[in-house]
Amino acid sequence: AVVKLATLRAGLVLVTGPTGSGKSTTLAAMINHINASRPGHILTVEDPVEFVHQPIKCQITHREVGLDTPSFADAIRSAGRENADVILVGELRGPETMRLALQLASFGCLVFATVHTNSAPATIDRFINAFPNSQQGQIRGMLGDALAGIVAQQLLKRADNTGRVAAHEILIANPGVASSIREAKTAMIVNLIQGGAQQGMQSLDAALERLFAAGMVTAHDALEKANDKEYFARIPEVARQLGKAMTG
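Okay, so the sequence shown: first residue is 1 according to our numbering, each after it adds one.
No lab work stands behind these hints: they were computed from the structure. Note that the structure is a prediction, hence the values are computed from the model and not measured. All the pointers check out, no bait thrown in.
In silico DSSO-like pairs for lysine-lysine, Cα to Cα no more than 27 Å straight-line:
| no. | residue 1 | residue 2 |
| --- | --- | --- |
| 1 | Lys4 | Lys185 |
| 2 | Lys185 | Lys225 |
| 3 | Lys4 | Lys225 |
| 4 | Lys229 | Lys244 |
| 5 | Lys229 | Lys185 |
| 6 | Lys229 | Lys157 |
| 7 | Lys225 | Lys157 |
| 8 | Lys244 | Lys157 |
| 9 | Lys225 | Lys244 |
| 10 | Lys4 | Lys157 |
| 11 | Lys4 | Lys57 |
Take these sequences, add in the hints, and give me the full structure.
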């Protein structure tokens with residue numbers, strides 16, 4: 001489902017999660033998918049550049065903030081002039097960069113960016129609240145129109161201790177999502193994600209339940225990351241493993 005967002009031609013795709021949750025790796029995988037599957041011009045703006053992509057089907061331009069460009073905002077402004085089809089913005093810092101990214105996405109560019117938030121609803125709120133009250137109505141409208149999707153990522157230790165595995169909450173924009181953003185009803189987003197499985201949406205708790213059922217993570221680690229801990233602890237197999245851990 002994450003790759004589905006890389007097949008889009010326009011819109012804003014936000015990859016979110018705490019520091020060290022693998023956001024850059026997920027973004028690099030999406031850029032790789034685009035690079036391998038269709039022609040175009042990809043512009044990456046990072047501080048510092050984390051992944052260097054070799055051209056396959058796409059022309060690729062890397063810009064490092066402080067080295068090749070004074071700021072994220074300057075690089076995003078130049079993206080329009082450089083005819084970039086896809087732009088990766090390492091991090092959306094501050095309202096100016098956010099507004100420019102929104103404008104590019106609404107002009108028909110596919111914009112990928114990261115935000116340090118833990119869930120799709122929190123990401124939308126963080127985005128809106130970066131602006132003064134007087135501008136928030138306008139930004140809600142712009143975000144409702146331009147948002148294509150949000151991937152909120154958490155990394156968990158594998159049950160067999162062979163590394164880590166990612167759990168993704170996935171929001172795919174649709175008319176219901178757009179109107180929830182415009183009308184400041186962000187709380188509705190949780191229900192839309194839960195009901196949007198056919199469109200490729202997935203709640204974080206569903207992702208955690210799937211990883212746990214596959215034996216990839218422990219009940220304890222999954223519960224620690226779950227949004228609705230009360231519900232998660234009542235899943236029979238989770239409760240059983242937690243009970244064993246407590247008695248064992």
